[in-house]
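K.L.:
Each chain, letter by letter, is given below.
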Amino acid sequence: AQTVTQSQPEMSVQEAETVTLSCTYDTSESNYYLFWYKQPPSRQMILVIRQEAYKQQNATENRFSVNFQKAAKSFSLKISDSQLGDTAMYFCAFLSTSGTYKYIFGTGTRLKVLA
Amino acid sequence: EPEVTQTPSHQVTQMGQEVILRCVPISNHLYFYWYRQILGQKVEFLVSFYNNEISEKSEIFDDQFSVERPDGSNFTLKIRSTKLEDSAMYFCASRPQANYEQYFGPGTRLTVT
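Chains as they are written, first to last, in this note's numbering: chain A, 1 to 115; chain B, 116 to 228.
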């Protein structure tokens with residue numbers, strides 16, 4: 001069974017600085033997808049960034065980028081130029097391409113951006 | 116932009132009562148999901164639904180839970196006899212045939228007293 005591990009329960013960063021959130025996963029599959037979701041206090045799940053495992057190039061979305069290391073099964077999220085609005089819970093998620101395409105989430109990292 | 120909607124946003128119920136959580140998926144989507152998030156914990160898969168039947172369910176999804184697509188637009192999650200431990204945020208998600216990515220609704224916060 002696949003598992004997703006986020007080893008940093010809480011992190012903080014100064015406004016305008018860069019922060020990296022860690023995620024590791026375990027799977028025997030070769031093709032899958034990885035996501036980072038942001039959950040603000042409203043508890044809405046907001047997609048931040050996605051990565052297809054078959055793509056070697058790391059995904060980027062404006063200030064958000066990932067470092068995808070397939071062999072190491074690592075998928076970290078880098079937030080550049082942190083803003084107060086980035087304060088939220090961040091979940092790493094794994095999506096298998098076999099079965100019913102259900103998401104498996106990590107336990108989350110609570111990020112606080114300090115003014 | 117189309118979005119998944121969920122009603123109600125917050126439901127308070129007494130232990131032992133039945134609740135129905137409602138979701139309206141995006142109109143051309145064919146696959147539907149329910150997830151649960153107990154406060155302070157991770158989001159967990161409950162059930163997936165396709166072609167009017169359950170395609171997969173987790174250990175959490177026991178006989179107290181059921182899902183239905185009653186009218187071609189709504190997708191409901193029913194909890195027959197709620198327990199205190201059912202208190203959680205419940206997310207509905209849907210996806211189209213040709214895409215793996217799921218679109219989440221805003222969630223329904225269920226409080227069982």
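A portion of the hints provided could be inaccurate.
[To be verified] Taking lysine-lysine and the BS3-like style, the derived pairs with C-alpha atoms no more than 30 Å apart in a straight line are:
id, chain 1, residue 1, chain 2, residue 2
1, A, K78, B, K157
2, B, K193, A, K55
3, A, K70, B, K157
4, B, K172, B, K193
5, B, K198, B, K172
6, A, K55, A, K78
7, A, K112, A, K73
8, B, K157, B, K172
9, B, K193, A, K73
10, B, K157, B, K198
11, A, K55, A, K73
12, A, K112, B, K157
13, A, K70, B, K172
14, A, K73, B, K198
15, A, K70, A, K55
[Unchecked claim] Just so you have them, the derived chain A footprint on chain B, three or more residues with Cβ under 8 Å:
id, stretch
16, 128 to 135
17, 158 to 166
Just so you know, the hints here were simulated from the structure itself, not pulled from any lab data.
Fair warning: this is a prediction, and the values are worked out from it, not measured in the lab.
Built from N, CA and C at the ideal position, the CB exists for glycine as well.
K.L.:
Against this structure, judge whether each hint is valid.
P.N.:
Against the structure, the hints come out as follows:
no., hint, verdict
1, K78(A) with K157(B), "holds, 21 Å"
2, K193(B) with K55(A), "violated, 40 Å"
3, K70(A) with K157(B), "holds, 23 Å"
4, K172(B) with K193(B), "holds, 14 Å"
5, K198(B) with K172(B), "holds, 19 Å"
6, K55(A) with K78(A), "holds, 18 Å"
7, K112(A) with K73(A), "holds, 26 Å"
8, K157(B) with K172(B), "holds, 17 Å"
9, K193(B) with K73(A), "violated, 37 Å"
10, K157(B) with K198(B), "holds, 19 Å"
11, K55(A) with K73(A), "holds, 14 Å"
12, K112(A) with K157(B), "holds, 18 Å"
13, K70(A) with K172(B), "holds, 28 Å"
14, K73(A) with K198(B), "violated, 38 Å"
15, K70(A) with K55(A), "holds, 10 Å"
16, 128 to 135, "violated (count 0)"
17, 158 to 166, "holds (count 5)"
Of the numbered hints listed earlier, those contradicted by the structure are 2, 9, 14 and 16.
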